[in-house]
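> The chain contents come next:
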Amino acid sequence: MTGTPADWSHGMPLMAGDWFIGLYQPSPETVGYWEAVARRELVLKYSPAAGRWYHPKRIVCTETGSTALEWRRASGRGTVYSFSEVHRAPSAVFAGSVPYTVGLVALEEGVHLFTRFIADAGPIAIGAPARVDFQVLEGGTLLPVFRVGAAA
Amino acid sequence: MAGIGSATAIVGMGRAMARKGDAEPKTPLQLGAAAARQAMAAAGIERHQVGALFTGRTPQSYMVLQYNQSLLNELKIGPTFCSEMTSHGGGALGTLQLAATALHAGVIDYALCVTNEASGIWMDQVGSNAAWEGDLQFEAPYGPSTPSIYAQTAMRYMHEYGVTAEMAAQVAVENRRWALDHPHAAMRHKGPITVEDVLSSRLVATPFRLLDCAVWYPGGIATAVVLTRADLARARHTELTWLAGFGQCNTHEWIGERMGGWGYAPFEDGPDLVQTGAGVAAKQAYAMAGLTPAEIDIAESSAPFSTINLIMLEELGFCPRGEGGRFVADGGIAYDGGLPFNTIGGYLSFGQVAQGLYNLQEVVDQIHGRAEGRQVPDVRTGIVHMHGGPLACHSVVILSKESLA
Numbered sequence: 001m002t003g004t005p006a007d008w009s010h011g012m013p014l015m016a017g018d019w020f021i022g023l024y025q026p027s028p029e030t031v032g033y034w035e036a037v038a039r040r041e042l043v044l045k046y047s048p049a050a051g052r053w054y055h056p057k058r059i060v061c062t063e064t065g066s067t068a069l070e071w072r073r074a075s076g077r078g079t080v081y082s083f084s085e086v087h088r089a090p091s092a093v094f095a096g097s098v099p100y101t102v103g104l105v106a107l108e109e110g111v112h113l114f115t116r117f118i119a120d121a122g123p124i125a126i127g128a129p130a131r132v133d134f135q136v137l138e139g140g141t142l143l144p145v146f147r148v149g150a151a152a
Numbered sequence: 001m002a003g004i005g006s007a008t009a010i011v012g013m014g015r016a017m018a019r020k021g022d023a024e025p026k027t028p029l030q031l032g033a034a035a036a037r038q039a040m041a042a043a044g045i046e047r048h049q050v051g052a053l054f055t056g057r058t059p060q061s062y063m064v065l066q067y068n069q070s071l072l073n074e075l076k077i078g079p080t081f082c083s084e085m086t087s088h089g090g091g092a093l094g095t096l097q098l099a100a101t102a103l104h105a106g107v108i109d110y111a112l113c114v115t116n117e118a119s120g121i122w123m124d125q126v127g128s129n130a131a132w133e134g135d136l137q138f139e140a141p142y143g144p145s146t147p148s149i150y151a152q153t154a155m156r157y158m159h160e161y162g163v164t165a166e167m168a169a170q171v172a173v174e175n176r177r178w179a180l181d182h183p184h185a186a187m188r189h190k191g192p193i194t195v196e197d198v199l200s201s202r203l204v205a206t207p208f209r210l211l212d213c214a215v216w217y218p219g220g221i222a223t224a225v226v227l228t229r230a231d232l233a234r235a236r237h238t239e240l241t242w243l244a245g246f247g248q249c250n251t252h253e254w255i256g257e258r259m260g261g262w263g264y265a266p267f268e269d270g271p272d273l274v275q276t277g278a279g280v281a282a283k284q285a286y287a288m289a290g291l292t293p294a295e296i297d298i299a300e301s302s303a304p305f306s307t308i309n310l311i312m313l314e315e316l317g318f319c320p321r322g323e324g325g326r327f328v329a330d331g332g333i334a335y336d337g338g339l340p341f342n343t344i345g346g347y348l349s350f351g352q353v354a355q356g357l358y359n360l361q362e363v364v365d366q367i368h369g370r371a372e373g374r375q376v377p378d379v380r381t382g383i384v385h386m387h388g389g390p391l392a393c394h395s396v397v398i399l400s401k402e403s404l405a
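Order-wise, the sequence lines are chains A and B. 1 is the number of the first residue of the first sequence in the numbering used here; add one for each residue after it. 1 is the number of the first residue of the second sequence in the numbering used here; add one for each residue after it.
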């Protein structure tokens, strides 16, 4: 997921562990997110017309119908909305990392992202503060992750 | 919606099953075609009478671009109305809703609905299913297993309502008890389990332990249904099961996108992790049937984890929001005396086929007294819930022995 394909429609294999299906890859509506990640920045979609933030996949502002959504840098702060500690990995790629924690972070901007939680201190718990960091995970790509505890 | 409840009836069903390790392994198309021919024979209709064919989504273990075309080609039928109903796996039950609306509109006389899957024979379901349950760009790179995706809902639900792992474990215990009575249940040979067994089984993804999770069905199942209008059903057919009500609600694709943003009823600021479309679908079905949850004799849900079953009992109206844990702990779905719930053993102990109508078939069998070894006395009504994706798409159907029109 690092790098930008010159023409996304030619297909860049996106691996889910050992599995690949379909055209789920950085495409014109999401490539700005992955370009920011490569700079170790977290960006979200923002609708100036509504003054509202959106998930990086969104194309249309629900409130105004505007497609003029901008990439804006997010604070990187939020709280743990929910989580699960994975003990049985979905594939061999992740098997060496168990247990690890995946979950949803509720960002200050009102957007929720699926992510990896990394505990700096104490247990990961719903409502705990979390702060963005960037790590190369098992698939070999740089991804936003969220640290919970001391560093948050 | 007026007048469509009990306007149509099931007049024939067919089923084909296969197990992993059979001497001649079967494809979904082989199973689907066999089930379809059986359903047509049971209904006493010929190929030229099939006005509509509706299938669920293309089977994971038989990926062709237009599965419905493959099937109609094999059956040598030429329906004038034909489509796949996707909604992830939930479309299998949604096909009946398409059939009912087409029949009620009068554009066809007979509809054939077929769903089939044999991923238990041909695929590594643990690995591949995770890729079907998460966004491959924004979720899968983090390594979620399928249980860990549903666990997001379970953890939040337990947090908000004080539901415990012990309460959820009771669902697994009851499902297993029913599975002991079903000749085809995947976990029948494993014998009964206790709450302690569930709580001491190994962790899969918190809060789910092994016995909290659905088991993949070690084989394939195809189910076919023939439906017709009330007038034709009464004039030409003898064994009728009425489609008293149905409903559907679809809220999102992947779990990371489900949060918020509706801005209108009933979800308003939601949906959140705990609100699902199942409640909306169930309300529509009850209203159409003119029934309340208290008037339902048997219920089957596709919920694939113990805690998710608690939420679905709430969404189907059997207890208030947040009370599913206490309802079950107090014997609400007890094998002896509770609501007959997941009488095939549920996805936890009968097993899960990626899409299927075996829950629907169970209610039809129960209504007509054919549920050998597990027959619930005097079943007149039943509700079937099916969902697809990470609780993204929900279909609900209410069946009845007599017309409720």
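Some hints could be false.
Just some of the chain B residues that point at chain A, by a computed CB distance under 10 Å [to be verified]:
hint, residue
1, Glu46
2, Asp109
3, Asn129
4, Pro144
5, Tyr161
Don't read these hints as lab results, they were simulated from the structure. C-beta atoms are modelled at their ideal positions from N, C-alpha and C, and glycine is treated no differently.
> Evaluate each hint against the coordinates.
A quick look at each hint next to the structure:
1. Glu46: 39 Å, violated
2. Asp109: Check failed: Cβ of aspartate 109 of chain B comes no nearer than 38 Å to chain A, outside 10 Å.
3. Asn129: 8 Å, holds
4. Pro144: 5 Å, holds
5. Tyr161: 13 Å, violated
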